[in-house]
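Given only the sequences and the hints, what does the whole structure look like? Please build it.
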Amino acid sequence: MSEGGAVGTLMGLRMAIGVGAWATPRLAGRLFGLDAGANPQSPYLARLFGVRDVALGWGIMGTEGDARRQWITVGIACDVADALAGLAAGLGGYLPRRTSALVTVTALGAAALGASALHATEASEANAGAAGV
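Just so you know, we're using my numbering here: the sequence shown kicks off at 745 and counts up by one.
No lab work stands behind these hints: they were computed from the structure. Check each hint, because a few of them may be wrong.
Claimed, not checked - Per label pair, the in silico range of CB-to-CB distance:
1. A811 to P784: 32 to 42 Å
2. V763 to L852: 19 to 29 Å
3. A760 to L789: 15 to 25 Å
4. A859 to A799: 12 to 22 Å
5. R841 to G809: 40 to 50 Å
Backbone N, C-alpha and C define an ideal beta-carbon position, used for all residues, glycine too.
Structure (structure tokens):
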């Protein structure tokens, strides 16, 4: 995948998921298998997650070079932490297995997309450097 494609996909998904989680936290929670009715505080937590993803997407969108790589890397770290939280929730029994698997796989997918965007960014910069640009 080209840098523009990988970075654009990552940025777009982060922004869409973040805005969706912030604007419609109960719906977003249900899509991930969470029971907002059983936890009235969950919309607050969803909005914390949502604004984080918007900030990560915005950071990627507004930067290039080293700064963009840093934003992508921070996003990957957040996604790996989210995956570990999903595993811990499943193992701890406070999320159903299906929900734990869904949030963990989603986070791992986001981390993989971030790694792809990071790789594409580095490859693009290496090619530009080799071409003397």
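Status of the given 40 to 50 Å range, CB of G809 versus CB of R841: 42 Å Cβ-Cβ, so the 40 to 50 Å window holds.
If you check the beta carbons of V763 and L852, does the distance land in 19 to 29 Å? 22 Å, holds
Go ahead and decide if the range 32 to 42 Å is satisfied by the Cβ distance of A811 to P784. 39 Å, holds
So does A859 sit 12 to 22 Å from A799, Cβ to Cβ? 20 Å, holds
15 to 25 Å as the expected CB spacing between L789 and A760, which holds or is violated: This hint holds: roughly 19 Å between Cβ atoms.
The earlier numbered hints are all upheld by this structure, with none contradicted.
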